[in-house]
Amino acid sequence: MKVTILDGYIDEPACLGVPPFISPQVRAAAGAAISAGAEVEYITIDKIRKNNAELNSDVTLFMSGNAVPGKYLRAMPASKKEVLEISCHIPGVSIIGGPAALDSEMCSSFDYSSKNDPAVSLYEILKGKEVSQRLRNLEEWNEWQIKGAHIVKDHPDFPDPLIAEVESYRGCIRYKSGGCSFCIEPLKGEPLFRQPSDIIEECAKLTEYGVHNFRIGGQSCIISYMADISSGDPPRPNPDAVEELFSGLSKLNPKVLHVDNANPAVISTYLEESRKIIRTLAAYCTPGNVLALGLESSDPQVKTANNLNSSAEQTLEAVKIINEEGSKIGNNGVSKILPGLNFISGLDGENKNTNELNINLLNKILNDDLLLRRINLRQVIPLRKEYKKSDKHSFIKFKETVRENIDQPMLKKMFPEGRILKDVYMEIHDGNFTFGRQIGSYPILICIPYKTELNRFVDVSIVDWGYRSITAVEFPLNVNECSIKALEALPGCGRKRATKIFMSRPVLNIEKLSEIIDDDSVIKRIKDIVTF
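If you read the sequence shown in our numbering, its first letter stands for residue 8, the second for the next number, and so on.
It is possible that part of the hints are untrue.
[Unchecked claim] Below, simulated BS3-like cross-link-like pairs (lysine-lysine); rule was C-alpha separation at most 25 Å, straight line:
hint, residue 1, residue 2
1, K54, K78
2, K78, K154
3, K429, K458
4, K183, K9
5, K335, K258
6, K429, K406
Keep in mind that the hints were calculated from the coordinates and are not lab data.
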């Protein structure tokens, strides 16, 4: 049997699979096929788009769909139109997996749909069994991740800037209460934790194949990894297990080691244990790490109506603790670990005061000189239940207020002028601009206001700020070799001074540059950026 895993780039709340990420689900599916005795081919939707791939296998699993809305810099997930078109040209047995399997129209175009665990469905089909829609057990999980690890070599971003998403557990720590009304994680039942040794073994295998960037994701709360679920809601964290996991992962010497979600209520309820865990993450993970906090709404009415994780007060406490333990700047120019904050509009119980309460919390965080690396604003997707039609105008106004009054001042605090950010990967050109990011969980988007070579790492110096991005120039910037656009981007220079510098080249030293610019305040801002 020959099996093709066609990666349409899935994106889920606790599992990233859009480049530069590779989803653990596609690797598990490859491992399941190998365990069933099949030969496996892994291709991506981009290969199909470029006509560099032909579908000719006995069985094809098409992984596709986004459970959360996202904006992508260069790699686009497969659209519904693409899925339907490609489904007509799949020979043999066809399977749709990922969030797309929840779409009835797309499902009708495939022989099988796997709504829960595509790796299990593929294994059962290859073994001639009836598709049960069950979830994999722990033994299958660990075995398949190891056997399917090699497919990373066929990913277009391998070896850089590829990030392997690695799961630590599945399910929600609040499963007994049903969890948040909009989230599907509680439907997976009691949390199933993978042992530290199993996660480390998977990362070690990926390291053997050439991967050196990892995000330990897939979980609803990393602070609750291996927690005592019987201790209540929220459960008591297990600092020793987190220490064992991340100290072991750090011995693999990854270039990037990041995490994802955390529950603010866990942090504020168990302060001592949570501090230990955040210190562990700050010590063993690489800088630029983000703990995305699922507040969703500051409105107590919305919290009650949707059984949300935490209150605004608990979230503020968690933000303070993460800042205290993780805001120190690391060797790449960004903080060790900072909080992110998630808001969802359109939930039950919303009223005209809801967004005002959200803004009040954000202003409190800003005025208390605390940092939020990422503020994620989105509208609810009705995966578990229907919600009344939300006020789109109100959401847009809320979003604009956050971007203008919170995001930009926050960026200026986090990324001051002249700060050097190291190892920024140049990804795309857009007109005469170049955009890049550091490799990581939620890296800041960096605009280089001129064209420069792509697919390489550079250091940059910050010169300006947008609402959700920053502007920078390459560091150090050679004034005798760079473009006039690069000179123009230097703080305080502008077009007139840039032209004067350009026409005076070669400029031999800072003293000569000072004569050309004739403004000590400008020289003070750029003297540590330029070279000759």
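> Can you name, in rising order, the numbers of the hints this structure does not satisfy?
Replying inline: Hints 2, 4, 6 not satisfied by this model.
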